[in-house]
Structures are given as structure tokens and as C-alpha cells.
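Please take these sequences and the hints and turn them into a complete structure.
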Amino acid sequence: MSNAKGATRRGFLSGSLTGAAAVTGGFVPAFAWTTTAFANTAANDRPRIGCIGTGSMGTGDAQAHAQFGDIVAVCDVDNRHAERCRNDDNAGKCRADAYRDYRRVLDRPDIDVVSIVTPDHWHVKIAIEALQAGKHVFCQKPLSLTLEENRLARAAAERFPAQQFFIGTQQRSQKDQFLRAVNMVHKGLLGDVTKVTVGINGSPTGGPFPVAAPPKELDWEMWLGQAPKVDYREKRCHYEFRWWYEYSGGKFTDWGAHHVDIAQWALKEDTKGRGPVRIDGTDSKHPVPFQDGYPTVDDCYNTADDFAVTCTFPSGTEMVVTSRGDNGILFEGSKGRIFVNREKVTGKPIEEQWDKDLFTDADLRTLYKGKPFEGHKENFYRCIREGGLPVS
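354 is the number of the first residue of the sequence shown in the working numbering; add one for each residue after it.
Please note that a few of the clues may not be correct.
[Claimed, not checked] Straight-line alpha carbon distances no greater than 25 Å define the calculated DMTMM-like cross-link-like pairs of lysine to aspartate or glutamate that follow:
no., residue 1, residue 2
1, Lys621, Asp716
2, Lys540, Asp714
3, Lys730, Asp442
4, Lys638, Asp659
5, Lys709, Asp545
6, Lys697, Asp679
7, Lys494, Glu671
8, Lys688, Asp463
[As the list claims (entries may be wrong)] Derived Cβ-Cβ restraints for the label pairs, each shown as a range:
no., residue 1, residue 2, range
9, Ala661, Arg457, 21 to 31 Å
10, Gly628, Pro581, 25 to 35 Å
11, Ser687, Asp463, 49 to 59 Å
12, Glu587, Arg399, 35 to 45 Å
13, Arg695, Ser668, 22 to 32 Å
14, Gly559, Leu742, 32 to 42 Å
15, Arg507, Gly541, 24 to 34 Å
16, Asp463, Asp623, 44 to 54 Å
17, Arg507, Glu436, 34 to 44 Å
18, Gly626, Ser687, 22 to 32 Å
These are calculated hints, taken from the structure and not from any lab test. For each residue, glycine too, the CB sits at the ideal point set by N, CA and C.
Written out as C-alpha cells, the structure is:
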């Protein structure tokens with residue numbers, strides 16, 4: 354099972370990266386709306402957007418994208434989701450064309466931007482093919498589920514530098530919480546940071562869940578994609594995909610993609626060639642038995658519900674990602690410590706304002722790679738207009 358699954362996934366993804374170059378002798382044709390072309394358009398021209406994946410999160414993202422462009426296509430393997438999104442007043446009640454197959458969206462030369470909000474196991478394949486098609490890409494987190502996927506995505510981004518490739522790790526745009534915390538670490542106000550604890554809670558447990566007939570509006574085979582072919586169970590699909598390793602990674606990819614991103618950003622371990630040199634995940638428990646790395650039952654949630662994973666960086670700093678304790682990030686340094694989550698940032702350095710006059714607009718521009726601080730999607734569309742690197 355493991356060999357077959359691995360080979361299928363590798364072929365599924367690598368085909369996306371090499372296919373276009375192979376059929377064109379290494380040349381992938383440019384489309385009209387490159388970053389440069391978009392930057393030179395008239396001020397009243399708006400990018401044309403295709404939204405791939407329009408469940409609750411996808412529709413929410415569509416509502417935000419509609420502030421910056423015109424949604425002309427929506428796509429979901431569940432027709433109910435596509436219809437709901439295209440009729441959503443807050444998404445511009447766009448009456449966009451609706452599709453089941455994302456490739457029809459990518460085939461359209463009039464579409465400049467795609468928003469990818471599918472189940473996680475589809476992210477990398479669709480993102481790579483969108484870049485090949487000349488689209489700017491907004492992809493929800495997590496970008497990838499494996500290191501191999503990540504390398505393929507990075508290679509595609511480097512191959513198509515004219516397109517913006519942006520990830521929906523929106524905590525990078527929370528000024529009063531996460532940006533303040535990252536700035537304090539970067540300024541050395543906490544001293545040498547020796548330990549970071551990332552609390553993300555454990556995955557829910559549940560099951561056994563019964564087999565059922567897929568809803569008539571849902572293309573279950575397309576939903577599965579490269580994942581193992583299994584019977585439909587309601588709790589495998591839509592929001593609950595998060596709790597199955599076949600499609601996601603539980604809380605690690607749900608919340609961990611946000612908090613670990615901030616922790617590594619603060620430690621300056623978030624760039625190419627950086628990252629932990631050792632990972633110990635032995636202190637992890639799952640709600641079902643595993644054999645050779647795979648669950649032995651197929652009718653229960655299977656992602657870890659109790660864990661403490663230790664990541665060690667070249668500096669010796671340890672980052673512990675755990676289901677135990679409060680949701681948030683604790684930075685411990687030789688001079689002080691702070692705790693940050695989406696609601697607050699606390700600790701003696703905050704109470705005593707150690708960063709007074711040291712968290713300025715210039716500091717925000719540094720964190721934003723030379724751009725002004727603004728909302729997450731604002732930064733994405735600014736980078737499309739102006740070029741440069743996005744914050745995420």
C-alpha cells in the first residue's frame with residue numbers, strides 16, 4: 354500500500370511540473386497578464402479571478418478577492434458549493450461561470466488570478482499547473498503535505514518568476530499580535546531565543562463512520578484525486594478532510610501551518626536552505642492503530658490527537674509543537690519571554706514596552722519586504738501590480 358500510494362502521488366505531482374515544458378520543448382508560453390503587464394494597465398482595470406474550491410473557506414476568500422478584482426469563474430467538485438459562491442452577494446453576486454474541473458478555469462486565457470481553497474492534498478498540483486498557465490496564485494495554507502511537494506512547488510515558483518505565488522498564512526498580517534512579536538525577536542529584545550513552544554491543540558477523534566452514497570452534486574472520484582480510492586463517508590469529505598492523513602495532517606497542517614510559520618519567521622528559519630536539522634516526533638499518539646506508517650482502519654479519524662514534536666535548529670534552538678497547553682506561541686529568550694496568539698501578546702517585555710519606539714513603520718516595511726503594512730490580500734494584489742516579493 355505504501356509503495357503504491359507514494360508512487361502515485363509522486364507521478365501525479367511531478368507530471369504537473371514537467372508536463373508543460375515537455376510538450377513545448379522546455380518553453381512554456383507566457384500569457385497576457387504577467388506581473389509587468391498587470392502593473393502597466395489602467396487604474397480602472399481589474400484583474401479577472403477564478404476561484405477553485407468554494408466551500409465555506411473558499412467562499413470567504415472569494416468575498417475578499419472581490420474587493421480587488423472581478424470573479425469570473427468558480428469551481429468546485431460539489432455543485433452546491435459553486436452555485437452558492439456564484440450567487441453570494443458579498444462575493445459580488447458575480448454570476449460567474451461555474452465548473453467542476455479546475456482545468457477548465459486554468460484553460461481560460463482571460464483569467465489572471467486563481468484562488469486555490471481545495472482540500473490540502475490538491476494544493477500543490479493545482480498551484481503548479483496554475484503557474485504553468487500564466488496565472489498569479491493565491492493558495493490557502495498549508496501549501497504542501499510533504500517535503501517532496503514543497504520542493505516541486507518551489508521549483509515551479511522559481512521557473513515562473515513573473516507570476517506571484519502567495520500563501521494564505523494571514524497571521525503575517527496581524528500587526529498588533531504576530532508582527533509585534535516577530536519584530537521583538539528580530540530586534541534581539543528577548544536576548545538569545547533558546548526555546549519556542551507552539552501550542553495547536555490535538556485533532557478531534559471520531560468514528561467509526563458509515564459508508565454512504567455520495568450526494569448527486571458531488572464528484573467523489575474527482576474529490577479524491579490522487580488519494581487512495583475509498584468508499585464515500587460523509588466525515589471524510591469537506592471540512593472533515595482535515596482529520597485524515599490521506600488528505601491533510603490534522604492540527605499540524607490546520608493550525609500548525611499558521612503558528613509554526615510565525616515561529617520560524619521570528620527565528621529567521623523560514624527561507625530556502627533553512628529549517629530544523631532534527632525532528633523528534635516519537636511523543637505522538639493517534640486514535641487508531643498504524644502499521645508501516647499507515648492507519649489499519651478506514652472508518653475513523655486518524656490524525657494525531659496528542660503530541661509533542663521537538664524540532665532542533667542549527668543554532669540549538671528548540672521548537673516544540675504540542676497539543677498540550679494554550680493555543681499560541683511562547684518565545685523564551687535569555688532576557689525575557691512573550692506569548693502570542695490571535696487575541697493577544699503578553700509578557701513582561703510587552704507590559705514594560707521594551708519595544709517602545711522600536712516598532713515603527715520602517716520596521717513594518719522590513720517585515721513586509723519593502724512594502725507598506727496592509728491586509729493580507731492587499732499585499733498580494735499590490736505585489737501583482739508592482740512586482741516584488743509578497744509577505745507570505
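Status of each hint after checking the structure:
1. For the suggested pair Lys621 and Asp716, the alpha carbons sit about 15 Å apart, so the restraint of at most 25 Å is met.
2. Simply put, Lys540 and Asp714 have alpha-carbon atoms about 14 Å apart, close enough for the 25 Å limit, and the pair holds.
3. In summary, the hint linking Lys730 to Asp442 is supported, as the alpha carbons are separated by about 19 Å, within the 25 Å threshold.
4. Pair hint Lys638 plus Asp659 holds up; C-alpha atoms about 5 Å apart against a cutoff of 25 Å.
5. Restraint check for Lys709 and Asp545: the C-alpha separation of about 20 Å stays at or below 25 Å, so the hint holds.
6. For the hint pairing Lys697 with Asp679, the CA-to-CA distance comes to about 12 Å; that is within 25 Å, so the pair holds.
7. Pair hint Lys494 plus Glu671 holds up; C-alpha atoms about 24 Å apart against a cutoff of 25 Å.
8. Our distance criterion of 25 Å between C-alpha atoms is broken by Lys688 and Asp463, whose separation comes to about 55 Å.
9. Remark: the range hint 21 to 31 Å for Ala661 to Arg457 is contradicted by a beta-carbon distance near 45 Å.
10. In this structure the hint that Gly628 and Pro581 lie 25 to 35 Å apart at CB holds, the actual value being about 29 Å.
11. Under the hint 49 to 59 Å, the C-beta atoms of Ser687 and Asp463, about 56 Å apart, fit the expected range.
12. A hinted range of 35 to 45 Å holds for the C-beta pair Glu587 and Arg399, which are about 38 Å apart.
13. Between Arg695 and Ser668 the beta carbon distance is about 27 Å. The supplied range of 22 to 32 Å therefore holds.
14. Look at Gly559 against Leu742: about 41 Å separates their beta carbons, and that is inside 32 to 42 Å.
15. In this structure, Arg507 and Gly541 meet the distance hint of 24 to 34 Å, their C-beta atoms being roughly 30 Å apart.
16. Against the hinted window of 44 to 54 Å, the Cβ-Cβ separation of Asp463 and Asp623 comes to about 35 Å, which falls outside the hint.
17. In this structure, Arg507 and Glu436 meet the distance hint of 34 to 44 Å, their C-beta atoms being roughly 36 Å apart.
18. In this structure the supplied range 22 to 32 Å holds for Gly626 paired with Ser687, their Cβ-Cβ distance being about 26 Å.
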